[in-house]
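Engineer: The listed protein sequences derive, respectively, from chains D and Z.
Note that the working numbering has the first sequence beginning at 22, numbered continuously upward.
Note that the working numbering has the second sequence beginning at 332, numbered continuously upward.
Don't read these hints as lab results, they were simulated from the structure.
A virtual CB, placed ideally from N, CA and C, is assigned to each residue, including glycine.
A few of these clues could be false.
[Said to hold, decoys possible] Taking beta-carbon pairs under 8 Å as the criterion, some of the chain Z residues facing chain D (in silico):
id, residue
1, P413
2, F431
3, L439
4, Q461
5, I465
6, Y537
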Amino acid sequence: MLGQQIISGLAVGAVYALVALGFIIIYKATDVVNFAQGEMMMVGTFLCLSLLRFFGGSFLIAVPLTLFAAAVIGITMERFALRPLIGAPLFTIVIITIGLSMVLRSVAGVIWTHDIFPFPAIFSERPMHVFGLVVTPLTLGMVATAGVVMALLYVFFNHTRWGTAMRAASENQTAAILMGISLRRVLTLAWGISAMLAAIAGILVAPMTNVHTNMGLIGIKAFAGAILGGFGSFPGAVAGSLLLGVTENLAAGYLPAGLRDVLPALLILGVLTLRPTGIFGQRVRRRL
Amino acid sequence: MTFMGDRHVQGIAVVTAMLLLVAMAGGPYFVYLVNLSAIYAIAALGLNILTGACGLVSLGHNAFFAIGAYTSAVLTAKLGVPFLVAAPAAGAVTTLVSLFIGMPALRLTGIYLAMATLAVGFVVEEVILQMAGITNGANGMSVPKPLLFGWRVQTDVQFMLLIWPVTAVCFWLGRNMLASRTGRAWRSIRDNELAADALGVSLRRYKLLAFSASGLLAGLAGSLFGHYVGFIAPENFTWFLAIQFLTMIVIGGIGSLWGALIGPAVFIALPELLRGAQDYQLGVFGLLLIIMMILMPTGLVGLRGAIEGRARLRRRTLADQKEG
């Protein structure tokens, strides 16, 4: 029982981690928390549902198309809503992302209505026995997919030209521009990748949560996961999200109703009291 | 400077008089909206002190607002305490809670503080739900209308006469604090914490002061909100409210006194104007928010500076051309 709960916690945590990585990629490029991250996930999932219906349930066609569409949406948002504000106060940009989340939710409601739709699982949900534990291919698939995506991100950021450019830009924007890195392309890439990550996360988690216009609330949990690990650190975001997912699942299994719902919040408060910049966060460097 | 010679005092007096006149001409629903924005303005002022002036981001002001509302509601409804005692008591309780939260939060900065306060908001919401014995939990509780010296405040206009003076006093006090040594200390912490520390500004003292002032104002606003609306439930105080407060002060102008007054008014007026958009209301609102921020990155208050700056630039350019 305990083992199973930990495994399903890890599966949900892996999904949070994907969204959390999206948060961090945008944060590293722009210093801004994108409050529309959860809504980007919601829209991506709805898109996939529509594409699945259109193509007779074939994930092989629907998923790549969804990823493409999600990237286009993310890049469009950056181009028209965020780019005019390069250099504006951070609060202003945060409010823009809040505005974007409202627009996305409203548009999704108009296109797909505010009803709750079931979502087909990309991996089978038939339980099977592995090492004495009952797991479904879906939970294993969630963890595995997230792992593969993370590995791809690692390769992209460390072994490709544009990944390196993005790291450089987040380290020192001015120096990066002087070295000939196009900040615009960095921003485009950040929003495109982030939107795709959100869509993948949505497709993975939707069989459990269903698809609806309030699905974006998962974004808050992913944000919490990223903070837990130490905002800005990729391994931290993954660890924090997994910790949050497991905690949530264990709380749901063993704790009474009231405590169950606040345990994640208490976990965050506890961790931040002990480590003010998250588990893997570096100490805030103060510069005069 | 004499009290009545103070430009801000005159400004507050003029705005109040204008509102009274317009509101009386506009009918009860309009007065309702005006009152609601006055209540939100108090809370927004509190957030603007903490986040705008002192630079400490809070996404947990829904919690302070809720604590104020529930304290006042429980005191008046369950214990029969008069409004004139309950409302200040609500402010006092919220101040204590915000100090209690501010103490560990002193170590946190930026986004971590935002997350911690967000978490506090969730915890407070759950605590209210669980204390069903006195708060009625998810069912919500009704709040009696205030009784002032034997007069029961009931209609919207009567409430306006109660709420607006409170708002005006809060803004006057807030303005004095921001213009004083305290305000300078807050801004120095926001602009450069290390430099402020080195110059002898006690970070601990002024951050806690910002927390408590902010909590006091939010709690007071919450108390007024409960008595005015007459019914409160935990769903009135979700984290979305905290986001709304933040949006209000950024629309108005972060760190600015007037921004905290204008922001809530715009925030309340816009959705009303967009009623006709129906299904698209939220989307159009979001779109307007984006457009406003693109056109006025420093909020409505910044607009004045921008126009003045542009006029100055124009004058200078013209002068240069003449010389050249």
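Engineer: Now tell me, hint by hint, if it's right for this structure.
Structural biologist: Evaluation of the provided hints:
1. P413: Nearest chain D Cβ about 33 Å off; hint violated.
2. F431: Violated: closest Cβ of chain D sits about 12 Å from Z:F431, beyond 8 Å.
3. L439: 5 Å, holds
4. Q461: This hint holds: Z:Q461 lies near chain D, its Cβ roughly 4 Å from the closest one there, short of 8 Å.
5. I465: 15 Å, violated
6. Y537: 17 Å, violated
Hint compliance for this structure: hints 1, 2, 5 and 6 are broken, all remaining hints hold.
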